[in-house]
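Peer 1: Fit chain B to the given chain A structure using the hints.
There are 2 protein chains.
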Amino acid sequence: MSEANPDAVSAGIVVIGDEILSGRTRDINVQQIAEFLAPLGIGLSEVRIVSDDQDAIVEAVRALSARCTYVFTTGGIGPTHDDITADAVAAAFGRWIDVRDDAREILEHWYAKTKTEITPARLRMARIPEGAVLVENPVTGAPGFQIENVFVLAGVPKIARGMLEDIAPRLTRGKVTHSVTVRHENAREGDLAEALGQMQADYPSVSLGSYPWFKEAEDGSITRGVALVARGTDEAVLKTIESALQALATDAR
Amino acid sequence: MSEANPDAVSAGIVVIGDEILSGRTRDINVQQIAEFLAPLGIGLSEVRIVSDDQDAIVEAVRALSARCTYVFTTGGIGPTHDDITADAVAAAFGRWIDVRDDAREILEHWYAKTKTEITPARLRMARIPEGAVLVENPVTGAPGFQIENVFVLAGVPKIARGMLEDIAPRLTRGKVTHSVTVRHENAREGDLAEALGQMQADYPSVSLGSYPWFKEAEDGSITRGVALVARGTDEAVLKTIESALQALATDAR
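Protein chains in written order, with the numbering used here: chain A, 840 to 1092; chain B, 840 to 1092.
In isolation and in its complexed conformation, chain A is listed as follows:
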C-alpha cells in the first residue's frame, strides 16, 4: 500500500512502442530504470505504455510531467519514419523543433570516426526541441534530451542505460526506500493475512506487500509459497519487521 508523501521524489515512465504493445518484445526498460532510480531515492509512481502515435505520446507525457518529479520516455528517437518521439515531446510542451547545430556536430563527429555517411534520415536524430538540454549517448552517438522534467531516452536497453549515467547528476535525490524480503515455501497468504494486516496497521510508515508464487514441477505437482516484502526509509524499523515477518510465516505453517 503506497503512502502519499508530498516530499518524495517521484518518477514516471512513458514507454513508446507498438513493439511492446504487440507482445513481440517484452519491455525491460521499466525494471532497468526502476533499479537505477531506487538507490537515488527516486520512486517510480506510474508507467504508461503507449503506441507510436503523436496524440497518445503527448497525452501521456503531459499527464506524468504534471504529477511526477521526473518523467523518462523510452523509444522512438531513431532515424526511421516510426521514430516520432522527439516531435511529440516538443508538441507536448509547445516547443519548436528542428535539426540543432549542437546535436548535428555530435553526429558528424561520431560518424566521421566510422566513415558513415550522414544521410537525411540520420540527420533526423539531430532534431531537438528548442531549449532542451542534450543527453549523452555513449553507445551510438545520437543524443537524447531533457526538456523541463522530461528525459527522452532511446528504446534499446543498452543505449537507455548509457544515457541514464549522463542524467544521474541532474537528479534531485530523495530518501532511499529500502526493502527486506522474507520468503516462505509452503506458506499460504490466507493464513498470514490477518497478522500481516495487523502489522501494517502497527507500522504505517512501512509498506508491506505479500506476493504468492506457484511452481509446477515436471510431474505436474505444484509447490507454492509467499514472498513477504517490507519497504520503507528507516532501516532500523525494517530490521524489526524482518524478524516479525519471519516469525509470522513460521507461526502460520
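It is possible that some hints are incorrect.
Since the list gives no way to pick out one identical chain from another, each pair is judged satisfied if it fits inside one copy or across any two copies.
Cross-link-like lysine-lysine pairs, in silico, BS3-like; alpha carbons within 27 Å at most [what the hints assert, rightly or not]:
| no. | residue 1 | residue 2 |
| --- | --- | --- |
| 1 | Lys1078 | Lys1014 |
| 2 | Lys1014 | Lys954 |
| 3 | Lys1054 | Lys1078 |
| 4 | Lys952 | Lys997 |
| 5 | Lys952 | Lys1054 |
| 6 | Lys952 | Lys1078 |
| 7 | Lys1054 | Lys954 |
Hints are computed from structural coordinates only; laboratory data are not their basis.
Peer 2: Here is chain B on its own, set in the frame of chain A:
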C-alpha cells in the same frame, strides 16, 4: 505507426503493483495478455502500471474503460491487506461491493477439497461488486470478475493465464493483425530509413517498424542489426512487403 481504426477491437491493461514499480519484479502479464489477444484480433492500445493505491487504480480503470473495447487489470485480488483492486474497481463504477454468495460457494467448495479453513482473510476474496460476472480461476479457486468492459484478473501469471481461458468466449473478435519480420545482421537503420519511409507511404494499410539491436561479445566487440517488422490484416500485402523488406536490407549493405 498506428493507424486509427474506429472498427478495431482494442484492449487496455492496468497492471496494479508496487512490486512492478519497485523494479523487484518484472511484469510478464502484459506480454502474456497481448499474445493471448492477438489471435482474437484484439490489439493492445495502452498499458498503465499503477501503485497499490485506490485513487490511482480508479483513474486508470476509468480512463482505459472509456477508450478501449476491453480492459484487463492484473494484481491485487488476494486475501491480504494490500489487495485493494476489487474495491477500487467497484468504486470506479460506483458499485456496491461485499462478499457475494456465489463467490463464497466457490471458495467453500474449493477449500473443502483441501480441508483449508476459510479465514476472514480468505473470505475477502469473495468480495465482488454488484452486477459483476465471475471469472473462473482454475488454479487456486478464488474468482476474478467482469464489470462492464473491465476484466479483473489475478497478478500471478499462471492464474491470470487460466482466467483468460474463461474470458475468451465473451470477447468480440476483430480482424487479426498478422506480422512479418525480416532480420538483417550488420544492417544499420540510417541506411534503410529513407526506403522504409517510402514503403510506409506506399502501403498506408500496413504498419512498418524498425528495431535496431546491439550485442556485445565477450571480447567487447559489438555486433548490430535491424529487425524490420510489418503488421497488417491483409496477408497477401504482407507477403509482398516481406519480399520488399528483404530486398531493402540487401541493397543497403
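Peer 1: Tell me, which hint numbers fail for this structure?
Peer 2: Checked against the structure, the hints that fail are numbers 2, 3 and 6, while the rest are satisfied.
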